[in-house]
Amino acid sequence: MVSLTTCINNLELKNPFILASGIMDEDAGSMKRILQEDAAAVVTKSIGLHERNGHSNPTFLELEHGLLNAMGLPNPGIDSYGSEIKKINNDNGKIIGSIFGSNVEEFEILSEKMQNYGVNALELNLSCPHAKGYGLEIGQDPEEINKIVRAVKQSVSIPIFVKLSPNVNDICMLAKAAEQGGADAIVAINTVKAMKIDIETKRPILANKIGGYSGKAIKPIGIRNVYEIFEAIKIPIIGVGGITKGEDVIEYIMAGASAVQVGSGIYYNGIQIFTQLKEQVIKWMTQNNYQNIKELIGVAHK
Amino acid sequence: MVSLTTCINNLELKNPFILASGIMDEDAGSMKRILQEDAAAVVTKSIGLHERNGHSNPTFLELEHGLLNAMGLPNPGIDSYGSEIKKINNDNGKIIGSIFGSNVEEFEILSEKMQNYGVNALELNLSCPHAKGYGLEIGQDPEEINKIVRAVKQSVSIPIFVKLSPNVNDICMLAKAAEQGGADAIVAINTVKAMKIDIETKRPILANKIGGYSGKAIKPIGIRNVYEIFEAIKIPIIGVGGITKGEDVIEYIMAGASAVQVGSGIYYNGIQIFTQLKEQVIKWMTQNNYQNIKELIGVAHK
Amino acid sequence: MNQPEIVKIESIQNETDSIKTITFFYKLETIPGQFFMIWIPGIDEIPMSVSNINNDNKAITFRVVGDATKSLFNLKKHDLIGIRGPYGNGFSFHGNHHLFIGGGTGIAMIAPAVESCLLRDEPVDVILGAKTKDELFFIKRLQKTDANVHIATDDGSKGYKGYTSKLTEKIIKEKQIDTIYTCGPELMMKSIFEICIKNNISLQASLERYMKCAVGICGQCCIGEGLRVCIEGPIFSDKQLLDISDFGVFNRNASGKKKNIQP
Amino acid sequence: MNQPEIVKIESIQNETDSIKTITFFYKLETIPGQFFMIWIPGIDEIPMSVSNINNDNKAITFRVVGDATKSLFNLKKHDLIGIRGPYGNGFSFHGNHHLFIGGGTGIAMIAPAVESCLLRDEPVDVILGAKTKDELFFIKRLQKTDANVHIATDDGSKGYKGYTSKLTEKIIKEKQIDTIYTCGPELMMKSIFEICIKNNISLQASLERYMKCAVGICGQCCIGEGLRVCIEGPIFSDKQLLDISDFGVFNRNASGKKKNIQP
Ligand SMILES: Cc1cc2nc3c(=O)[nH]c(=O)nc-3n(C[C@H](O)[C@H](O)[C@H](O)COP(=O)(O)OP(=O)(O)OC[C@H]3O[C@@H](n4cnc5c(N)ncnc54)[C@H](O)[C@@H]3O)c2cc1C
Ligand SMILES: Cc1cc2nc3c(=O)[nH]c(=O)nc-3n(C[C@H](O)[C@H](O)[C@H](O)COP(=O)(O)OP(=O)(O)OC[C@H]3O[C@@H](n4cnc5c(N)ncnc54)[C@H](O)[C@@H]3O)c2cc1C
Ligand SMILES: Cc1cc2nc3c(=O)[nH]c(=O)nc-3n(C[C@H](O)[C@H](O)[C@H](O)COP(=O)(O)O)c2cc1C
Ligand SMILES: Cc1cc2nc3c(=O)[nH]c(=O)nc-3n(C[C@H](O)[C@H](O)[C@H](O)COP(=O)(O)O)c2cc1C
Ligand code: FES
Ligand code: FES
Chain A
1 MVSLTTCINN LELKNPFILA SGIMDEDAGS MKRILQEDAA AVVTKSIGLH ERNGHSNPTF
61 LELEHGLLNA MGLPNPGIDS YGSEIKKINN DNGKIIGSIF GSNVEEFEIL SEKMQNYGVN
121 ALELNLSCPH AKGYGLEIGQ DPEEINKIVR AVKQSVSIPI FVKLSPNVND ICMLAKAAEQ
181 GGADAIVAIN TVKAMKIDIE TKRPILANKI GGYSGKAIKP IGIRNVYEIF EAIKIPIIGV
241 GGITKGEDVI EYIMAGASAV QVGSGIYYNG IQIFTQLKEQ VIKWMTQNNY QNIKELIGVA
301 HK
Chain B
1 MVSLTTCINN LELKNPFILA SGIMDEDAGS MKRILQEDAA AVVTKSIGLH ERNGHSNPTF
61 LELEHGLLNA MGLPNPGIDS YGSEIKKINN DNGKIIGSIF GSNVEEFEIL SEKMQNYGVN
121 ALELNLSCPH AKGYGLEIGQ DPEEINKIVR AVKQSVSIPI FVKLSPNVND ICMLAKAAEQ
181 GGADAIVAIN TVKAMKIDIE TKRPILANKI GGYSGKAIKP IGIRNVYEIF EAIKIPIIGV
241 GGITKGEDVI EYIMAGASAV QVGSGIYYNG IQIFTQLKEQ VIKWMTQNNY QNIKELIGVA
301 HK
Chain C
1 MNQPEIVKIE SIQNETDSIK TITFFYKLET IPGQFFMIWI PGIDEIPMSV SNINNDNKAI
61 TFRVVGDATK SLFNLKKHDL IGIRGPYGNG FSFHGNHHLF IGGGTGIAMI APAVESCLLR
121 DEPVDVILGA KTKDELFFIK RLQKTDANVH IATDDGSKGY KGYTSKLTEK IIKEKQIDTI
181 YTCGPELMMK SIFEICIKNN ISLQASLERY MKCAVGICGQ CCIGEGLRVC IEGPIFSDKQ
241 LLDISDFGVF NRNASGKKKN IQP
Chain D
1 MNQPEIVKIE SIQNETDSIK TITFFYKLET IPGQFFMIWI PGIDEIPMSV SNINNDNKAI
61 TFRVVGDATK SLFNLKKHDL IGIRGPYGNG FSFHGNHHLF IGGGTGIAMI APAVESCLLR
121 DEPVDVILGA KTKDELFFIK RLQKTDANVH IATDDGSKGY KGYTSKLTEK IIKEKQIDTI
181 YTCGPELMMK SIFEICIKNN ISLQASLERY MKCAVGICGQ CCIGEGLRVC IEGPIFSDKQ
241 LLDISDFGVF NRNASGKKKN IQP
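In order, the protein sequences belong to chains A, B, C and D. For the first sequence, counting from 1, position 249 maps to 249 in the working numbering; every step adds exactly one. For the second sequence, counting from 1, position 29 maps to 29 in the working numbering; every step adds exactly one. For the third sequence, counting from 1, position 20 maps to 20 in the working numbering; every step adds exactly one. For the fourth sequence, counting from 1, position 179 maps to 179 in the working numbering; every step adds exactly one.
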């Protein structure tokens, strides 16, 4: 029998598959539905202090080799979101609360509230590429990251994950800053800044013009980031970006990920993707004589 | 009749199609062959002061949505390369000499020699993502860029293009630094840092592990970079990344490019790609009632 | 590919003072009950049900309610819009005797469903309802078919005076209706749902929720236990509706915040 | 996809002290004259011609010359290597009477070409040449076929004493050869090329150049006026060779620098 259980520091997961933030996680119902699939955890939509509509439509489109979105961090505000989290029955898996703020104080308030709602871990979104004053705009500065993580660490007792962006000079420096601030894991990667112009109407299609590129095309970028971060830090890494099949999961784990998140994969394969990944990973491990997924973490580093 | 002529400052091009650096440009024969196709110019392989073998093989592989390479700037050294450039008959098009160095002095020497060999313009490669001490390692620092461009500007009289990397926090800042240093155009983008791990043998396939991602998958990243740079500077932009069809060319031009380069497109379509692009662009312009390709530059900005 | 395909507006038809039909050439096969995302460049992208299917010509019929629909209303023949889709499940016809109920702009998507159902050669009744006579449309279009067309207006300015739900109760007493198909204000559909449950009639109701991606990933349109109106809907059956506690109670705005559906 | 496919070594055959054949399972159709890029994980990736084609089993036959070939030489049955390809054009057979000339490791890729040509049921002669007897291989394999096998060694330790080019001149006097196919040291091929030109015999010669991408983009293998050995080659005709001034004169090392081909 193959064992798929994995740990992100002391957060135990029955398998390495996690729903990525921003995908089918606006309300309790959809997260409960995903937890009934073979997902060990769900990350909530990124939640801020106040209600935000996000950007106008178009906020989404498919590209030839991936997806492009600029939702713009829509969310009902932390106070309204509590009732959603409380409705989820944790028996089936873990809930990771994603939050975004524009400064240390906002992150402190948000993290305390999220913890009170009962999430099992926090994910600090320091990497949204298309919302002014949030996300990537803060997440490029190692000192800012360090300060935010340090503050959140003092506000809560649950594990803290830091989600980073690939749209930077040196993701390792940022990962180190998060580790030094007390982060329990790094999540990489958020989307890659990209654009699609419609040549008939001569304008970017997204209302926000620039969006975040996700899905199949970005997998090699995600793998590279996870591989590089693994050599820079000691805390676990959660790999995200372009996962659609079991072999992608194995590749991320060999690059150094202890678990993975799946977002756009739901677009390509439907919500069954978690079950598919589980079956494919088990099959591959069985064929290749591996008993425990943990033995594969980081093995591509030699 | 549709006019495809375009200008990069005072370098006139019979059409906007240029062979990108590093593709079929190691010797005179291959560049002459490309100039017999419908390419208005070729960029040479990036040439340094001394002979370099580059990285060991594997240096190249195809990915599901693009190509991955880590050639590692192989080149025979500037002194050996002169004989290749001199053998090319410029009648069919222009030659742009690409150079890379690790400091200001190297760039000065290289640029003077290239100019003496008779190239029509210089491209400073400040963006190779996989060679230690060169390219991107220098090309992330606006001050360094400014210094190099300023020095080269004083050494030569031909136009100077600066090729930038998308693997940075803020490409606009770098483009501005190049413009202030006296650059005549910006070339964007070089490849995106990425990796492929073979899960059977549990190791990155490239000998250099990390490589540069090119081809179809990176087009939306290239478009975004060109669009952003266009809003930041006044000098022309040459768009590169994932071009395989006429519509891609139009998209780059609407984003703000005055010309485009094609690299991986040769992998997908063969060297006929230049003729194909020309035909497709003419057809699209005719159908959409445009006479002059110059009227399309940057029209997606409104 | 789920990317707006740019089409030229082929023709524009005024249905009422504030309702228009726009026809365009769009190849992808579309069935009644499905919808498109309509991109009005520079303005917005909004969901619109297909209101007419004529081989490669498709149409949408809409009422002006805000910015996007106003811009759409002001477009001229040959102007460009972007279309992606069709999305959602569409209707599936069951039983022998069919009753269609369109309330307000809901009529727009009920009309092609009626036309399609008639190809089964089974009895079809239709109720078209609106507040007042001037807001009705597609009456002639449907009267030309073999369907029995009933009309209801709240103010009695045309046809039956009263809610479509009342008229429905009347019709199901007279005829042996197997399935009801409806689109209209959610509270109207809720009343019809209750009638169906009581009378053991199958129901297919077309729900509206705020849409962004329309491909099932952004989670914006989710209702009940994670049902995506853009994928598992917009048409839901009586059985599904029983489990959707939000039905007729609240929806969510663009931020995802719950909004009560006014009583 | 042009990405190494990992295969298990099915069997290993010693041909001489420094030459081995490795057989593996690789599905893609391959014709004689084409080559693979062989990835020895952690070491290098190098071009190797196909030396045996048996449905889905393919083989390569190589001599130890440096690091990569040494590692390959030391691999065991069931070890893993990566294969991509096949690349290049391969031979195309023309004329009635065919002469194949393999010199040194060039014999490796000549053998499957002979076997394939024999399916045409036309007369086939083969010259296998090497410095000395111990460096010859595939003799039995080819003697089993209907081809006339001639052997040449520089030192006369087996067969004709002298260069393959001399033996070629002898054979073409005796027989009406239409086409010559050759692979071996470039200077040997250059002599044969001159013989062909003088005697008006078609030639197909297999060239070797340093390879990196093998798919025609990196430019590393270009010769003459931009011909890519990995795409337009590795087999070139007498007509093409006439225009390739580099032929027999120089090649390029990994940096792209010209190296004279020693006289
Ligand atoms: C599946 C579906 C099919 C529809 N079919 C039709 C139809 O055939 N004919 C018709 O007239 N209307 C239809 N609608 C409603 C139509 O989408 C809205 O009237 C339109 O979006 C209003 O946009 P606006 O900018 O003009 O108004 P706004 O002033 O922007 O909004 C007014 C109201 O419209 C709704 N709305 C706005 N944007 C969206 C959005 N992206 N997704 C969903 N609702 C939104 C909200 O409830 C909002 O409060 C349909 C809606 C859905 C979900
Ligand atoms: C199309 C083609 C088909 C070939 N087929 C065969 C064959 O069937 N059997 C056989 O024994 N050999 C064949 N070779 C030659 C073989 O590729 C070299 O012997 C091998 O690469 C040597 O590698 P090494 O590391 O052992 O030696 P090194 O010490 O690295 O190099 C020795 C010499 O080998 C050549 N070489 C090294 N790397 C490459 C490379 N990437 N591409 C081309 N040449 C290289 C160079 O000339 C170099 O000087 C073929 C070469 C080509 C181009
Ligand atoms: C529609 C959409 C919405 C997203 N919203 C968020 C978000 O709110 N917060 C966040 O951290 N990441 C968000 N992301 C990024 C994903 O969580 C993920 O990092 C990225 O999409 C790469 O993974 P994938 O290729 O599996 O989609 C979003 C992605 C998509 C496609
Ligand atoms: C095999 C290969 C070699 C390259 N070598 C160079 C180089 O020497 N100098 C350089 O500036 N860019 C080099 N590049 C980058 C290309 O010039 C181009 O910027 C990039 O590939 C994106 O364009 P594309 O998608 O059209 O290939 C190389 C790319 C490839 C694929
Ligand atoms: S609109 Fe995004 S999931 Fe339905
Ligand atoms: S090996 Fe790259 S072009 Fe031939």
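Fair warning: there could be bad hints in the mix.
As a list, the in silico DMTMM-like pairs of lysine to aspartate or glutamate whose alpha-carbon atoms are at most 20 Å apart [claimed, not checked]: (1) LYS209/B <-> GLU247/A; (2) LYS175/C <-> GLU225/C; (3) LYS202/A <-> ASP44/C; (4) LYS302/B <-> ASP44/C; (5) LYS27/D <-> GLU200/B; (6) LYS27/C <-> GLU62/A; (7) LYS32/A <-> ASP243/C; (8) LYS190/D <-> GLU225/D; (9) LYS259/C <-> ASP246/C; (10) LYS132/A <-> ASP91/B; (11) LYS209/B <-> ASP17/D; (12) LYS202/A <-> GLU5/C; (13) LYS302/B <-> GLU232/C; (14) LYS234/A <-> GLU279/A; (15) LYS209/A <-> ASP170/B; (16) LYS132/B <-> GLU200/A; (17) LYS245/B <-> ASP79/C; (18) LYS202/B <-> GLU186/D; (19) LYS258/D <-> GLU64/B; (20) LYS209/A <-> ASP44/C; (21) LYS259/C <-> ASP79/A; (22) LYS76/C <-> ASP38/A; (23) LYS294/B <-> GLU200/A; (24) LYS76/D <-> GLU200/B; (25) LYS87/B <-> ASP44/D; (26) LYS257/C <-> GLU51/A; (27) LYS133/D <-> ASP17/D; (28) LYS32/A <-> GLU232/C; (29) LYS202/A <-> GLU231/B; (30) LYS245/A <-> ASP170/B; (31) LYS8/C <-> GLU200/A; (32) LYS257/D <-> ASP170/B.
Keep in mind that the hints were calculated from the coordinates and are not lab data. In this text the structure is predicted, and so the values were computed from the model without any measurement.
Structure-based check of all given hints:
{"no.": "1", "hint": "LYS209/B <-> GLU247/A", "in the structure": "holds, 19 Å"}
{"no.": "2", "hint": "LYS175/C <-> GLU225/C", "in the structure": "violated, 35 Å"}
{"no.": "3", "hint": "LYS202/A <-> ASP44/C", "in the structure": "holds, 16 Å"}
{"no.": "4", "hint": "LYS302/B <-> ASP44/C", "in the structure": "holds, 16 Å"}
{"no.": "5", "hint": "LYS27/D <-> GLU200/B", "in the structure": "holds, 18 Å"}
{"no.": "6", "hint": "LYS27/C <-> GLU62/A", "in the structure": "holds, 18 Å"}
{"no.": "7", "hint": "LYS32/A <-> ASP243/C", "in the structure": "holds, 14 Å"}
{"no.": "8", "hint": "LYS190/D <-> GLU225/D", "in the structure": "holds, 18 Å"}
{"no.": "9", "hint": "LYS259/C <-> ASP246/C", "in the structure": "holds, 10 Å"}
{"no.": "10", "hint": "LYS132/A <-> ASP91/B", "in the structure": "violated, 50 Å"}
{"no.": "11", "hint": "LYS209/B <-> ASP17/D", "in the structure": "violated, 35 Å"}
{"no.": "12", "hint": "LYS202/A <-> GLU5/C", "in the structure": "holds, 13 Å"}
{"no.": "13", "hint": "LYS302/B <-> GLU232/C", "in the structure": "violated, 38 Å"}
{"no.": "14", "hint": "LYS234/A <-> GLU279/A", "in the structure": "violated, 30 Å"}
{"no.": "15", "hint": "LYS209/A <-> ASP170/B", "in the structure": "holds, 17 Å"}
{"no.": "16", "hint": "LYS132/B <-> GLU200/A", "in the structure": "violated, 43 Å"}
{"no.": "17", "hint": "LYS245/B <-> ASP79/C", "in the structure": "violated, 26 Å"}
{"no.": "18", "hint": "LYS202/B <-> GLU186/D", "in the structure": "violated, 38 Å"}
{"no.": "19", "hint": "LYS258/D <-> GLU64/B", "in the structure": "violated, 35 Å"}
{"no.": "20", "hint": "LYS209/A <-> ASP44/C", "in the structure": "holds, 13 Å"}
{"no.": "21", "hint": "LYS259/C <-> ASP79/A", "in the structure": "holds, 15 Å"}
{"no.": "22", "hint": "LYS76/C <-> ASP38/A", "in the structure": "violated, 50 Å"}
{"no.": "23", "hint": "LYS294/B <-> GLU200/A", "in the structure": "holds, 17 Å"}
{"no.": "24", "hint": "LYS76/D <-> GLU200/B", "in the structure": "holds, 17 Å"}
{"no.": "25", "hint": "LYS87/B <-> ASP44/D", "in the structure": "violated, 33 Å"}
{"no.": "26", "hint": "LYS257/C <-> GLU51/A", "in the structure": "holds, 8 Å"}
{"no.": "27", "hint": "LYS133/D <-> ASP17/D", "in the structure": "holds, 12 Å"}
{"no.": "28", "hint": "LYS32/A <-> GLU232/C", "in the structure": "holds, 16 Å"}
{"no.": "29", "hint": "LYS202/A <-> GLU231/B", "in the structure": "holds, 16 Å"}
{"no.": "30", "hint": "LYS245/A <-> ASP170/B", "in the structure": "violated, 33 Å"}
{"no.": "31", "hint": "LYS8/C <-> GLU200/A", "in the structure": "holds, 11 Å"}
{"no.": "32", "hint": "LYS257/D <-> ASP170/B", "in the structure": "violated, 37 Å"}
Figure legend: structure checked against the earlier numbered hints; hints not met, in rising order: 2, 10, 11, 13, 14, 16, 17, 18, 19, 22, 25, 30, 32.
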